[in-house]
Amino acid sequence: MKQHRYIPMTETDCDEMLSAIGISSVDELFADIPEQVRFKGELAIKKAKSESALTKELAQLAAKNADSRTYASFLGAGVYDHYRPIIVDHVISRSEFYTAYTPYQPEISQGELQAIFEFQTMICELTGMDLANSSMYDGGTALAEAGTLVAGHTRRKKLFVSEAVHPEARDVVRSYATGQSIEVVIIPQKDGVTDIARLEEMIDEETAGVLVQYPNFFGQIEDIQKIGEIAHDKGSLFVVSSNPLALGVLTPPGKLGADITVGDAQPFGIPEQFGGPHCGYFAVTKKLMRKVPGRLVGETTDDEGRRGYVLTLQAREQHIRRDKATSNICSNQALNALAASVAMTALGKEGAKEIAYQNIAKTHYAKGAFEKAGFEVKFGGAHFNEIVVNCKKSVKEMNAQLFTKGIIGGYDLGLTYPELANHVLIAVTEQRTKEEIDALVQEMEALHA
Amino acid sequence: MHKDNQPLIFEITKAGRVGYSLTELDVPEVDLSSLMPDGFIRKEDAELPEVSELDIMRHYTALSNRNHGVDNGFYPLGSCTMKYNPKINESVARFPGFANIHPLQDESTVQGALEMIYDLQEHLNEITGMDETTLQPAAGAHGEWTALMMIRAFHEANGDFNRTKVLVPDSAHGTNPASATVAGFDTVTVKSNESGLVDIEDLKSKVGPDTAALMLTNPNTLGLFEEDILEMATIVHGVGGKLYYDGANLNAVMSKARPGDMGFDAVHLNLHKTFTGPHGGGGPGSGPVGVKKDLIPFLPKPVLVKKEDIYTFEYDRPQSIGRVKPFYGNFGIYLRAYTYIRTMGPDGLKAVTEYAVLNANYMMRKLEPYFDLPYTQHCKHEFVLSGRRQKKLGVRTLDMAKRLLDFGYHPPTIYFPLNVEEGMMIEPTETESKETLDSFIDAMIQIAKEVEENPEVVQNAPHTTVINRLDETKAARQPVLRYIKK
Numbered sequence: 001m002k003q004h005r006y007i008p009m010t011e012t013d014c015d016e017m018l019s020a021i022g023i024s025s026v027d028e029l030f031a032d033i034p035e036q037v038r039f040k041g042e043l044a045i046k047k048a049k050s051e052s053a054l055t056k057e058l059a060q061l062a063a064k065n066a067d068s069r070t071y072a073s074f075l076g077a078g079v080y081d082h083y084r085p086i087i088v089d090h091v092i093s094r095s096e097f098y099t100a101y102t103p104y105q106p107e108i109s110q111g112e113l114q115a116i117f118e119f120q121t122m123i124c125e126l127t128g129m130d131l132a133n134s135s136m137y138d139g140g141t142a143l144a145e146a147g148t149l150v151a152g153h154t155r156r157k158k159l160f161v162s163e164a165v166h167p168e169a170r171d172v173v174r175s176y177a178t179g180q181s182i183e184v185v186i187i188p189q190k191d192g193v194t195d196i197a198r199l200e201e202m203i204d205e206e207t208a209g210v211l212v213q214y215p216n217f218f219g220q221i222e223d224i225q226k227i228g229e230i231a232h233d234k235g236s237l238f239v240v241s242s243n244p245l246a247l248g249v250l251t252p253p254g255k256l257g258a259d260i261t262v263g264d265a266q267p268f269g270i271p272e273q274f275g276g277p278h279c280g281y282f283a284v285t286k287k288l289m290r291k292v293p294g295r296l297v298g299e300t301t302d303d304e305g306r307r308g309y310v311l312t313l314q315a316r317e318q319h320i321r322r323d324k325a326t327s328n329i330c331s332n333q334a335l336n337a338l339a340a341s342v343a344m345t346a347l348g349k350e351g352a353k354e355i356a357y358q359n360i361a362k363t364h365y366a367k368g369a370f371e372k373a374g375f376e377v378k379f380g381g382a383h384f385n386e387i388v389v390n391c392k393k394s395v396k397e398m399n400a401q402l403f404t405k406g407i408i409g410g411y412d413l414g415l416t417y418p419e420l421a422n423h424v425l426i427a428v429t430e431q432r433t434k435e436e437i438d439a440l441v442q443e444m445e446a447l448h449a
Numbered sequence: 001m002h003k004d005n006q007p008l009i010f011e012i013t014k015a016g017r018v019g020y021s022l023t024e025l026d027v028p029e030v031d032l033s034s035l036m037p038d039g040f041i042r043k044e045d046a047e048l049p050e051v052s053e054l055d056i057m058r059h060y061t062a063l064s065n066r067n068h069g070v071d072n073g074f075y076p077l078g079s080c081t082m083k084y085n086p087k088i089n090e091s092v093a094r095f096p097g098f099a100n101i102h103p104l105q106d107e108s109t110v111q112g113a114l115e116m117i118y119d120l121q122e123h124l125n126e127i128t129g130m131d132e133t134t135l136q137p138a139a140g141a142h143g144e145w146t147a148l149m150m151i152r153a154f155h156e157a158n159g160d161f162n163r164t165k166v167l168v169p170d171s172a173h174g175t176n177p178a179s180a181t182v183a184g185f186d187t188v189t190v191k192s193n194e195s196g197l198v199d200i201e202d203l204k205s206k207v208g209p210d211t212a213a214l215m216l217t218n219p220n221t222l223g224l225f226e227e228d229i230l231e232m233a234t235i236v237h238g239v240g241g242k243l244y245y246d247g248a249n250l251n252a253v254m255s256k257a258r259p260g261d262m263g264f265d266a267v268h269l270n271l272h273k274t275f276t277g278p279h280g281g282g283g284p285g286s287g288p289v290g291v292k293k294d295l296i297p298f299l300p301k302p303v304l305v306k307k308e309d310i311y312t313f314e315y316d317r318p319q320s321i322g323r324v325k326p327f328y329g330n331f332g333i334y335l336r337a338y339t340y341i342r343t344m345g346p347d348g349l350k351a352v353t354e355y356a357v358l359n360a361n362y363m364m365r366k367l368e369p370y371f372d373l374p375y376t377q378h379c380k381h382e383f384v385l386s387g388r389r390q391k392k393l394g395v396r397t398l399d400m401a402k403r404l405l406d407f408g409y410h411p412p413t414i415y416f417p418l419n420v421e422e423g424m425m426i427e428p429t430e431t432e433s434k435e436t437l438d439s440f441i442d443a444m445i446q447i448a449k450e451v452e453e454n455p456e457v458v459q460n461a462p463h464t465t466v467i468n469r470l471d472e473t474k475a476a477r478q479p480v481l482r483y484i485k486k
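Just so you know, the protein sequences line up as chains A and B, in that order. If you're matching positions, the first sequence starts at 1 in UniProt numbering and goes up one per residue. If you're matching positions, the second sequence starts at 1 in UniProt numbering and goes up one per residue.
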């Protein structure tokens, strides 16, 4: 083939190397592959394209998608269009970060290690927990791993998961639980929050943990302190999945009795990118420190007393414990943890409060506008940046109409909650302007008329 | 060199500074205390930094200068395939139509994304020789576990509940036994023989009606092709077990041998290794799983299908193991892999493998006189040296790895696989030039000489990094896992 820009070997190089090895052709290096399994001929995949031609093709493909920079998006349900400080992309584009492997050689990885140490600290600050790991794949798998952790820790085999937890996260919890033969019981929702009375009836001494979401899938802010007390009364652990951006104004789960707080840091500087990669986080109280899955960065010193950072408490992890490990996680979401750190740093102490406050203010405004237009806004409790609106007609059809007006509508709750057919989950982040909110309400009103 | 502590972002914070720009609120202010109970409202601020935008950029630039990536220099970390990360991938992943699309948008508004996913799955099917692929798993270990859950569901669907054991060779990646455990299996270790390959007799003695699967990396972690693969497949299939392929080493065999043709029933790939992810300092990755026909019903849902040029997710999959991840996997990462595959084409991928293997063999033969080479046959994309000759002189492999830092290299993977004493696992990849390989070889030879003539310089290495060897015992005994304001 022609010389390729990613492969620097020339014909001369090749000849010299073959002769150093003592062979005459590269084929000899593959002679150990048995004839019957040797692949002959050419892979039936698309031919190579030049940089320009491929860029053009993929730009055209991307242009077939409707993006939240062109459309006004009211779709949330776990993934949000938030302010992404432009500096985030400049930092994570530094290839010293993105072309590095896991920092196993601390002397030449102090940058990554320190950045993760700072990430762990910021997650602790927001969640009110004692310590946090270096990241998980996403909020859903972090919740699932919290489920297996509490089962292992309590040696019990039953998890109670609120119906107001993200339906896809619940699915993942169930998949993980199957592997460990853990039973998953759903606590029903009532008025958009976990039905505490039902939980009290259902919970028993076999319960390893209670898993809730804060704010929950409907945007409602649950009384998690109460739920935590119920869990602890039965000797089970309390797990809270939390949108960390909301914690700029909400009381952190660590102050309300959570033993484990997990969630996804996507709202901090990470694009939606069709659902991944995002950035799970995993924070615990001190007593669970040695049970945490994934990598932890700790501070130490060198022989001259200089401060430095290393991966620590590795005896928990798969590469040491192998079949005794309680989690198999290896790769995590380090680059996205870096992105989230930069966004949390840029927002800082004041910005974290202001952005959370703006979400509440705008959502409250949207709620009022819907009610004024005669829509029923379901569930009366306190809410963060999402509300449930009764459309009294097919959400799919309504969204198709809204799309023609430049609006990406909300999540069709009927897909996962049959009793909420014709109800839409509307997310209003700080990115949505008053004009966009008014336009949404007006268009929905017009469709209704 | 920097001899002072690098400040933490929290140590350069100053009350009142900001690094953000939020649009002024254009709706009426609200009184939080009237909207929610007092207990819901945070009383103490989260102590996040207070810094200007330039402070942030300088801070992270300083950190990046204390970090080594492939773009800084050679990174022959065995089993990790630290190849060049093409820049077109980064540009494509940032196209607004890919970066700013929501996973729950109506399918009609994301047909471009779905078309890419479908086409990538087809490409991966062909590259691996499998029948269908899911892109849902977020990383290699996640893919291993996903495939094992499918194998478990397959056996259970056949009414076969006694297959509790997963066989794993002693040279396997640590994730293999860990994934087996998390999927609810017991792990049985299979020994390697004197050639570094799976000991067939040991395998035969360990398979039986309780065998769920054999997990195998081929070429294995010694960089050696398991020549008896067909016999192994016959043995495992003969007792009703499934054969699982750990794709960490796929860079060694692309368009030379396909897992699907070797008898494997399931395979995971590490798109961040073979297909230029990149590694991101530890992630995010992407760990698709390819399967043969009889495992298709158990794939995680939803499954993307094409109906008359329209792409749509199918949810009605009664035998599916369920979701393993919210949404559809690490889209932004497998989009990069797709861009790479389309950049290389069939000729390119073949060349990748040929040069990866040529480079490894060249280095192996050049270093063979200076270090013990436990397995002397031609290797594939990587090889494992032993530092036992140097250990007799009082210098450990860890010391030699640290000495390499002084030459500006990331060291090889060390003390792995576990069946080689003082192992050094070297994987050059195809993107490195002969000049780079020669310089690294020279450094290794110099270190081997230093071990004989001046061992202290190796034992006390590194000498040129921003920090010396760190006290890991202290880090583990008195864990400090977050900054606390003094």
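No lab work stands behind these hints: they were computed from the structure. The beta carbon of each residue, even a glycine, is placed where N, CA and C say it ideally should be. Check the hints yourself; a few may be wrong.
[To be verified] The following label-pair restraints were derived from C-beta to C-beta distances: (1) B:91 to A:233: 53 to 63 Å; (2) B:25 to A:130: 31 to 41 Å; (3) A:70 to B:195: 11 to 21 Å; (4) B:209 to A:10: 22 to 32 Å; (5) B:453 to A:303: 23 to 33 Å; (6) A:406 to B:25: 16 to 26 Å.
[Unchecked claim] Derived EDC-like pairs (lysine to aspartate or glutamate); straight-line CA-CA distance at most 20 Å: (7) B:87 to A:89; (8) B:434 to B:71; (9) B:14 to A:350.
Here is what the structure says about each hint:
1. B:91 to A:233: 53 to 63 Å: 55 Å, holds
2. B:25 to A:130: 31 to 41 Å: The hinted range 31 to 41 Å holds for residue 25 of chain B and residue 130 of chain A, with Cβ atoms some 35 Å apart.
3. A:70 to B:195: 11 to 21 Å: For residue 195 of chain B against residue 70 of chain A, whose Cβ atoms are near 59 Å apart, the range 11 to 21 Å is violated.
4. B:209 to A:10: 22 to 32 Å: 56 Å, violated
5. B:453 to A:303: 23 to 33 Å: Holds - the Cβ-Cβ distance for residue 453 of chain B and residue 303 of chain A, about 24 Å, lies within 23 to 33 Å.
6. A:406 to B:25: 16 to 26 Å: 23 Å, holds
7. B:87 to A:89: 14 Å, holds
8. B:434 to B:71: 17 Å, holds
9. B:14 to A:350: 12 Å, holds
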